[in-house]
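**Q** If you read the sequences in order, they're chains U and R. When you read off a place in the first sequence, starting at 1, and then add 6, the result is the number in our numbering. When you read off a place in the second sequence, starting at 1, and then add 6, the result is the number in our numbering.
If you're looking for bench data, these hints aren't it; they were derived computationally from the structure. There could be a bad hint or two in this list.
[Said to hold, decoys possible] Computed list of lysine-lysine pairs in DSS-like fashion (alpha-carbon distance at most 27 Å, straight line):
id	chain 1	residue 1	chain 2	residue 2
1	R	Lys49	U	Lys49
2	R	Lys83	R	Lys49
3	R	Lys126	U	Lys49
4	U	Lys49	R	Lys83
5	U	Lys83	R	Lys141
6	R	Lys49	R	Lys144
7	R	Lys49	U	Lys66
8	R	Lys83	U	Lys83
Bear in mind the structure is a predicted one, so any value in this text is a computation, not a measurement.
2 protein chains.
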Amino acid sequence: MRIIGVDPGLNRTGYAVIDDVGGRWVALEGGVCQPDSSEPLEKRVLAIYRDVREVLEEYKPAAMALEELHSRYEFPKTAILMGHARAAVCLAAAEFGIPVVGYAPSRVKNAVTGSGGASKEQVLAAVVAQLGLAKAPKPFDVADAFALAICHAMVASSPIARVK
Amino acid sequence: MRIIGVDPGLNRTGYAVIDDVGGRWVALEGGVCQPDSSEPLEKRVLAIYRDVREVLEEYKPAAMALEELHSRYEFPKTAILMGHARAAVCLAAAEFGIPVVGYAPSRVKNAVTGSGGASKEQVLAAVVAQLGLAKAPKPFDVADAFALAICHAMVASSPIARVK
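Produce the entire structure from the sequences given, and follow the hints as far as they go.
**A** Here it is as structure tokens:
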């Protein structure tokens, strides 16, 4: 099964595609979309949407693991802006009929490192090890996207899969 | 100048199109997009996006007045979900190259009724009067969308126009 993980953000949206080949995970692609921050909001949302569409078109994943926006924002405005980036990603998936599964950051960290409170560096190291990558993906958003994809691969392949 | 006003919401997104003909406003269209609430989030976002695209395609407005999401949400989660609906609308506008101008609800109320704290009923009555509508638009989301369009028409035609 092919899975795309996406870590949405208005400044940087990380994405990563993996294949789950009988329990072995193969990294196919990882990258980041960085809209021009001097552009108005609607153009930044459009840039994210178009980039994600291109990746979906090329790799045709069977599922998308998308970071749930956490509730740790102190300002609703930040949450709203993050929601805009996430929606652009959702929309691209919906257009291709790709089911979207949301995972909380702590759940993803727990899946790949064994600890829901793991640091970004720990998540990165776990992703590199589990995918057998020759070098560490950059920036962290890409590693986070790989972690999301791995998390979904674990959940989807588990005999007692429960998707929160 | 043709203006579309949009009041975004995941459950109901109101939209309204007016023409500003030398300071006289003519209502062309008003409606609401109500995605099936039993559908997953990404399909609801897609439904809003497609509906708004259709309206933009038909009416080709020169500008979009879009409600700013206020900060009165107690739960960031609500703000995030609202952000998803707003982003779908933004995205449709960006695809048509239509500039999006955000207005806070209190500013819109003030523009059409003279009071930033006006009730929904007062906004509705003001919209009906100012556009010379034969009957009141329903639901309130449509009246709110008309009010947004009127607010932008006032700002855009003002010699000392300042867009917040």
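**Q** Starting from the hint list further up, note which numbers the structure goes against and sort them upward.
**A** Structure breaks hints 3, 5.
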